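Chain order of the listed sequences is A and B. What the first sequence shows, in numbering that gives the first Met the number 0, is residues 0 to 305, in sequence order. What the second sequence shows, in numbering that gives the first Met the number 0, is residues 0 to 280, in sequence order.
Bear in mind the hints are in silico, worked out from the structure with no lab data behind them. Only a predicted model underlies this, so the values are computations on that prediction, with no experimental measurement involved. From the three backbone atoms N, C-alpha and C, an ideal C-beta is built for every residue, glycine too. Check each hint, because a few of them may be wrong.
Stated by the list, open to error - Only pairs whose alpha carbons sit at most 27 angstroms apart, straight line, appear in this in silico DSS-like list of lysine-lysine:
| # | chain 1 | residue 1 | chain 2 | residue 2 |
| --- | --- | --- | --- | --- |
| 1 | A | Lys-172 | A | Lys-156 |
| 2 | B | Lys-5 | A | Lys-115 |
| 3 | A | Lys-172 | A | Lys-145 |
| 4 | B | Lys-67 | B | Lys-222 |
| 5 | A | Lys-13 | B | Lys-5 |
| 6 | B | Lys-101 | A | Lys-23 |
| 7 | A | Lys-299 | A | Lys-85 |
| 8 | A | Lys-85 | A | Lys-23 |
| 9 | A | Lys-11 | B | Lys-67 |
| 10 | B | Lys-224 | B | Lys-67 |
| 11 | B | Lys-107 | A | Lys-13 |
| 12 | A | Lys-23 | A | Lys-13 |
| 13 | B | Lys-5 | A | Lys-117 |
| 14 | A | Lys-85 | A | Lys-145 |
| 15 | A | Lys-85 | A | Lys-69 |
| 16 | A | Lys-23 | A | Lys-11 |
| 17 | B | Lys-107 | A | Lys-23 |
| 18 | A | Lys-145 | A | Lys-156 |
Stated by the list, open to error - Covered stretches of chain A (chain B as the covering partner; in silico rule of three or more C-beta atoms under 8 angstroms from a C-beta of chain B):
| # | segment |
| --- | --- |
| 19 | 37-48 |
| 20 | 99-110 |
As the list claims (entries may be wrong) - Computed list of chain A residues with no C-beta within reach of chain B, every gap over 12 angstroms:
| # | residue |
| --- | --- |
| 21 | Val-2 |
| 22 | Glu-128 |
| 23 | Ile-241 |
| 24 | Tyr-257 |
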Amino acid sequence: MAVEQAQLRREKSKVMHTLEQMRKNWVAYLFISPFYILFAVFGLFSLLFSFYVSFHRWDGLTPMRWWGVKNYIDLFRDDVFLISIKNTFILLLWDIPFKVFTPLVLATLLNSHLTKLKGFFRTGYYLPEVTSAVVVAIVFSFFFNKNTGIINYLLGKIGIAPIGWLEDRFWAKVSLVLLSAWWSQGYHMVVYLAGLQSIPEELIEAAIVDGANRFQIFTRITLPLLRPMIIFSAVIATNAGIQRFAEPYLLTGGGPGYATLTMLQYLFGKAFESFRLGYASAMGYVLFVMIFLLSLVQLKLGGGRR
Amino acid sequence: MFQSHKRLLLFESIVLHAVLFMGLVISVFPFYWMIISSLKGRGEVFVLPPRWWVTDPIFRNYLTVFEKTNFATGFLNSCFVTFVKTFTALFFSAMAGFAFAKYEFPGKNGLFLFLLGTMMIPGVVTLIPTFMVIVRIGWVDTYQALIVPGLASAFGTFLMRQYMLTIPDELLDAGRIDGASEFRLFFQIILPIVLPAAASLAIYAFFGNWNELFWPIIVIRTKPKFTLPLSLMLLRSRFPLNVDYSVLFAASFMATLPTLIVFFTLQRYFISGIATGAIKA
Numbered sequence: 000m001a002v003e004q005a006q007l008r009r010e011k012s013k014v015m016h017t018l019e020q021m022r023k024n025w026v027a028y029l030f031i032s033p034f035y036i037l038f039a040v041f042g043l044f045s046l047l048f049s050f051y052v053s054f055h056r057w058d059g060l061t062p063m064r065w066w067g068v069k070n071y072i073d074l075f076r077d078d079v080f081l082i083s084i085k086n087t088f089i090l091l092l093w094d095i096p097f098k099v100f101t102p103l104v105l106a107t108l109l110n111s112h113l114t115k116l117k118g119f120f121r122t123g124y125y126l127p128e129v130t131s132a133v134v135v136a137i138v139f140s141f142f143f144n145k146n147t148g149i150i151n152y153l154l155g156k157i158g159i160a161p162i163g164w165l166e167d168r169f170w171a172k173v174s175l176v177l178l179s180a181w182w183s184q185g186y187h188m189v190v191y192l193a194g195l196q197s198i199p200e201e202l203i204e205a206a207i208v209d210g211a212n213r214f215q216i217f218t219r220i221t222l223p224l225l226r227p228m229i230i231f232s233a234v235i236a237t238n239a240g241i242q243r244f245a246e247p248y249l250l251t252g253g254g255p256g257y258a259t260l261t262m263l264q265y266l267f268g269k270a271f272e273s274f275r276l277g278y279a280s281a282m283g284y285v286l287f288v289m290i291f292l293l294s295l296v297q298l299k300l301g302g303g304r305r
Numbered sequence: 000m001f002q003s004h005k006r007l008l009l010f011e012s013i014v015l016h017a018v019l020f021m022g023l024v025i026s027v028f029p030f031y032w033m034i035i036s037s038l039k040g041r042g043e044v045f046v047l048p049p050r051w052w053v054t055d056p057i058f059r060n061y062l063t064v065f066e067k068t069n070f071a072t073g074f075l076n077s078c079f080v081t082f083v084k085t086f087t088a089l090f091f092s093a094m095a096g097f098a099f100a101k102y103e104f105p106g107k108n109g110l111f112l113f114l115l116g117t118m119m120i121p122g123v124v125t126l127i128p129t130f131m132v133i134v135r136i137g138w139v140d141t142y143q144a145l146i147v148p149g150l151a152s153a154f155g156t157f158l159m160r161q162y163m164l165t166i167p168d169e170l171l172d173a174g175r176i177d178g179a180s181e182f183r184l185f186f187q188i189i190l191p192i193v194l195p196a197a198a199s200l201a202i203y204a205f206f207g208n209w210n211e212l213f214w215p216i217i218v219i220r221t222k223p224k225f226t227l228p229l230s231l232m233l234l235r236s237r238f239p240l241n242v243d244y245s246v247l248f249a250a251s252f253m254a255t256l257p258t259l260i261v262f263f264t265l266q267r268y269f270i271s272g273i274a275t276g277a278i279k280a
């Protein structure tokens with residue numbers, strides 16, 4: 000009996016202590032409250048509500064109708080949705096050389112002892128990143144123009160017939176990949192450069208003393224140490240790639256046909272042009288799961304030692 | 000032997016710089032093209048072979064942008080929205096970061112983990128319901144709709160906390176002994192120390208806010224509320240008759256100019272910020 004009471008008293012004093020701590024630190028709660036209030040309204044509520052909506056048929060005006068999992072089933076029977084998934088992943092795959100490989104090469108070159116004007120080059124490479132999608136689309140739609148574009152003009156000089164950069168199903172995809180390569184290469188390069196600069200000089204010197212050649216140094220020392228950067232860069236590129244919207248929306252309009260329609264573009268159309276909010280919400284959740292799984296896979300692949 | 004090694008180095012250095020220079024040309028050429036196109040005469044942007052240089056620059060194109068398009072409205076709206084959004088978000092991040100770094104309060108760890116977890120949620124999922132919230136509270140086509148939903152930044156809070164952790168506690172204790180309130184500590188001790196370090200965060204947010212396209216397309220309806228990307232998009236899709244396309248380039252260049260200025264003046268903070276962000280993550 001006495002033991003129980005003591006227990007109770009201890010519990011009580013613990014609660015009192017916590018309350019006391021909370022009262023004393025009220026400023027801290029005040030300081031963090033904007034984030035949590037905003038997140039509750041625009042994040043948490045949104046997340047739950049959109050899950051709820053995804054089981055309904057709704058145009059945003061008339062009352063919702065219970066629709067069960069039909070939105071989800073319809074999604075996987077929707078040819079256009081499947082095409083948009085396919086397009087998104089094809090573009091993502093074609094992105095890899097320009098977001099993982101070429102930036103790594105550029106960063107390695109830039110990091111060389113022989114390189115002069117490092118800051119100058121770095122600034123130049125990074126420049127495209129700060130440009131808005133609309134401006135990029137305006138300039139590149141002139142470049143890619145089949146008849147008056149500068150790219151076909153230059154290709155013509157070396158005897159290549161005009162290419163329908165925005166009109167052909169295959170080349171329209173290539174155009175988007177090239178545009179996004181130009182746009183985001185600098186960012187990835189800066190990430191790799193930071194990684195390269197964090198490799199201790201002594202490590203390389205020790206390897207040289209041991210008689211390693213440059214190729215060995217690169218594959219045995221540099222690459223393994225750059226692994227976190229490569230994963231970071233891949234995660235960023237994947238997230239950007241899955242949520243690709245502005246470039247196809249502005250440059251090709253998803254065409255020709257559905258050749259460059261991406262998932263987010265399709266979701267946008269369904270939600271804000273055809274007002275099928277339930278269907279679009281279901282699509283949002285499918286995207287969410289895909290992004291989540293992909294990040295997991297990337298972390299698994301890359302995080303072996305962590 | 001020594002001579003040949005030297006020659007090899009020279010050769011390598013030339014190849015290296017040639018490759019780097021080619022890459023640079025590709026990166027910078029579109030900007031160059033945008034600027035010279037903005038100064039070209041009637042129909043000149045379509046001429047083949049392309050004019051690589053303007054002999055007779057037409058600066059009038061820049062005036063035409065203001066006369067014939069709603070560029071000015073878009074520009075002012077973008078300035079306002081970007082400014083308010085960037086600084087309020089930064090302020091909120093600093094506040095929360097301060098609390099997480101310098102106070103011990105019940106639930107702190109749980110709340111912080113939760114905050115980190117929210118970074119995993121992609122914008123796609125919350126897009127539609129956030130729009131529904133905006134509709135329900137009657138904010139469609141308002142500045143609030145552009146600003147408020149983006150004010151809570153988990154990433155910003157996280158970075159701010161990291162900066163604040165490096166500030167010694169003694170500094171705060173000294174202030175407390177002098178009788179300063181917690182708010183004064185925040186405004187007069189913490190903010191001045193942390194703001195330079197937070198410059199990279201602010202600049203990064205500035206670019207994102209200035210160039211934001213997706214969300215304004217959804218919540219903005221009428222021309223007086225158009226931000227710059229929307230104005231440009233409208234200009235591009237419904238290009239006025241009797242106006243030359245060089246005007247479109249002039250507008251594009253002016254839209255890019257603020258980001259270029261910020262980038263060139265503050266890039267020191269900015270690029271190092273990305274680098275530390277990458278290393279920490």
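Tested hints:
1. Restraint check: the Cα-Cα separation between Lys-172(A) and Lys-156(A) comes to about 24 angstroms, which is no more than 27 angstroms; the hinted pair holds.
2. Simply put, Lys-5(B) and Lys-115(A) have alpha-carbon atoms about 17 angstroms apart, close enough for the 27 angstroms limit, and the pair holds.
3. Of the pairs offered as hints, the one joining Lys-172(A) and Lys-145(A) holds, with about 15 angstroms between alpha carbons and a cut-off of 27 angstroms not exceeded.
4. Note on Lys-67(B) and Lys-222(B): the hinted pairing holds, with a Cα-Cα distance of about 14 angstroms set against a maximum of 27 angstroms.
5. A threshold of 27 angstroms between alpha carbons decides the hint, and for Lys-13(A) with Lys-5(B) the separation of about 75 angstroms lies outside it, so the pair is violated.
6. For the suggested pair Lys-101(B) and Lys-23(A), the alpha carbons sit about 14 angstroms apart, so the restraint of at most 27 angstroms is met.
7. For the suggested pair Lys-299(A) and Lys-85(A), the alpha carbons sit about 24 angstroms apart, so the restraint of at most 27 angstroms is met.
8. Restraint check for Lys-85(A) and Lys-23(A): not satisfied, since their Cα atoms lie roughly 55 angstroms apart, outside the 27 angstroms limit.
9. With a C-alpha separation of about 73 angstroms, the suggested pair Lys-11(A) and Lys-67(B) falls outside the 27 angstroms cut-off, and the hint is violated.
10. Using a Cα cut-off of 27 angstroms, the hinted pair Lys-224(B) and Lys-67(B) holds, with the two alpha carbons roughly 17 angstroms apart.
11. Distance check on the hinted pair: Lys-107(B) and Lys-13(A) sit about 17 angstroms apart at the alpha-carbon level, within 27 angstroms; holds.
12. Proposed proximity of Lys-23(A) and Lys-13(A) is supported: the alpha carbons are some 15 angstroms apart, at most 27 angstroms.
13. The straight-line distance between the Cα atoms of Lys-5(B) and Lys-117(A) is roughly 22 angstroms, inside the 27 angstroms bound, and the hint therefore holds.
14. Distance restraint check for Lys-85(A) and Lys-145(A): the Cα-Cα separation of roughly 26 angstroms lies within the 27 angstroms cut-off, and the hinted pair is therefore satisfied.
15. For the suggested pair Lys-85(A) and Lys-69(A), the alpha carbons sit about 22 angstroms apart, so the restraint of at most 27 angstroms is met.
16. Of the supplied pair hints, the one linking Lys-23(A) and Lys-11(A) holds, its CA atoms being roughly 18 angstroms apart against a limit of 27 angstroms.
17. The hinted pair formed by Lys-107(B) and Lys-23(A) meets the criterion: a straight-line CA distance of about 14 angstroms does not exceed 27 angstroms.
18. For the proposed pair Lys-145(A) and Lys-156(A), the alpha carbon gap of about 14 angstroms is at most 27 angstroms, so the pair holds.
19. Counting residues of the segment 37-48 of chain A whose CB lies closer than 8 angstroms to any CB of chain B gives 9, which reaches the minimum of 3, so the coverage claim holds.
20. Coverage of the segment 99-110 of chain A by chain B holds in this model, with 3 residues showing a Cβ closer than 8 angstroms to a Cβ of that chain against a need of three.
21. Consistency note on Val-2(A): stated as away from chain B, and its beta-carbon is indeed over 12 angstroms from all of that chain's, at 27 angstroms minimum.
22. Residue-level check failed: Glu-128(A) sits 8 angstroms from the nearest beta carbon of chain B, not beyond 12 angstroms.
23. Once the 12 angstroms rule is applied to beta carbons, Ile-241(A) is inconsistent with being away from chain B; the minimum gap is 8 angstroms.
24. For Tyr-257(A), the shortest C-beta to C-beta distance to chain B comes to about 19 angstroms, beyond the 12 angstroms cut-off, and the non-interface label holds.
In summary, the numbered hints that this structure violates are 5, 8, 9, 22 and 23.
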